[in-house]
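Peer 1: Residues per chain, in single letters:
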Amino acid sequence: PRRPPRNRSKALVASLRLHGTEEDCSCFCTSEVQILPVCSDRIVLIMGARSQLWSIAKMSVTGGVIGVTISDRYVTVVAIKGHSMHPTMTATDSALRGDIVLAEKACLDQYKFSRGDVILFKCPSNHKEVFVKRLIGLPGEWIQLPASSEIIKVPQGHCWVEGDNAARSWDSRSFGPIPLGLINGRVTHIIWPPSKIGRVERKWPEDRIPPF
Amino acid sequence: MIPKTKGKIIPIEPSSPSAAAMSRFVRRLAGIPWRQIAGEASSVGLLMAQGLCAVHVVSEHVLGVAFPRGPSMLPALNMAGDVLLTDKVSPRRGWVGPGDVVLLLSPEDPRKIVAKRVLGMEGDEVTYPVDAGNSDATKTVVVPQGHIWVQGDNIYSSNDSRQFGPVPYGLVKGKMSYRIWPPSRIGSIDSKE
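The listed protein sequences derive, respectively, from chains A and B. Heads up: the first sequence begins at 105 in our numbering, then just goes up one per residue. Heads up: the second sequence begins at 726 in our numbering, then just goes up one per residue.
These are calculated hints, taken from the structure and not from any lab test. Misleading hints may appear alongside valid ones.
What the hints assert, rightly or not - Anything over 12 Å on all C-beta distances counts as not near chain B; from chain A, calculated:
1) T166
2) T173
3) D176
4) R219
5) P243
6) N288
7) R306
Said to hold, decoys possible - Listed below are the simulated BS3-like cross-link pairs for lysine-lysine, each with C-alpha atoms no more than 25 Å apart in a straight line:
8) B:K864 x A:K216
9) A:K232 x B:K864
10) A:K209 x A:K232
11) A:K209 x B:K837
12) A:K232 x B:K837
C-beta: ideal position from N, C-alpha, C; glycine also.
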């Protein structure tokens, strides 16, 4: 094969760099590929791979930003660890087989909750941990502590939370009422395992006197 | 003008000026490139949505802006008109310590955001005046685990941990150290000028 003239291959390289998209490279090169064999093939490969990586990077950054926004403001997915909400939600030691739930964030706009909602909140003694419990007392209500016959009032801006599985739940009976500002979201549905898919209903524990 | 013929109404052909104008209008409507406009509008809308999401991510997780009002942090912060840069990365990583001015959700009303100075972290002993202005009595508490003690610089006019007790660290939303408005006070909040 005859060698291509030097100035022609330089012009090809220069115009390939200018275009930068995969389509432009390939349609520019197909007409020239017979004349400039090896040199142009390598350039097409490099330009194509680099622009593809760039578009993958752009798409993943955009997807990540949109995903973070949706997860912060509208709905998020959480895996349950711990046994304090059994049998409503169960967990096993490996996160893959524990329950996975959907939590909505729209309630954080006005902090309006109802008695019996299941909520996610940051642990008051360790801000890195997130707990899931049921809301038993709203601000200003009087709560009867289950063990003793004490009655306490939930302060303004706070709430009283308890787990469904009273025996294995570390909740307001130990750390007291929590500020509403610690709440991260309200659990609305269970989406895994398939046998438990469905809404998480607002429920009042049977053995407690409802406040009024 | 409809010609009368024994009670029956005969439709007239579209030769009158108004009907011709009507059919011209319909033809022009069909000529507008609706699909192209819809395509451009949806791509502009998508771009705007991406922009809004980017703004949300940055202002919630990296760097935000705050406009504190009220007398509780005088003289470090003015009563109104200050614009402060809020660092959102530090609280999440635990880089908050005594002396920092932080933004936190009020434990009395989660819809209110308050700015106060951190006086003690978990385990610290904090001594505070119980009734500033009226008596010199002080009290000492130990801050429980996972909590912080916050107080306004202006102890005579501040609703803080002296009233609502130590607050959980999870309520802290941002740390403020730089003021960007008014121009005469641009710089660190605690600069000695």
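Peer 1: A separate judgement is required for each hint: does it hold in the structure or not?
Peer 2: For each hint, the structure was consulted:
no., hint, result
1, T166, "violated (6 Å)"
2, T173, "violated (4 Å)"
3, D176, "violated (6 Å)"
4, R219, "holds (17 Å)"
5, P243, "violated (9 Å)"
6, N288, "violated (9 Å)"
7, R306, "holds (20 Å)"
8, B:K864 x A:K216, "violated (36 Å)"
9, A:K232 x B:K864, "violated (30 Å)"
10, A:K209 x A:K232, "holds (18 Å)"
11, A:K209 x B:K837, "holds (18 Å)"
12, A:K232 x B:K837, "holds (22 Å)"
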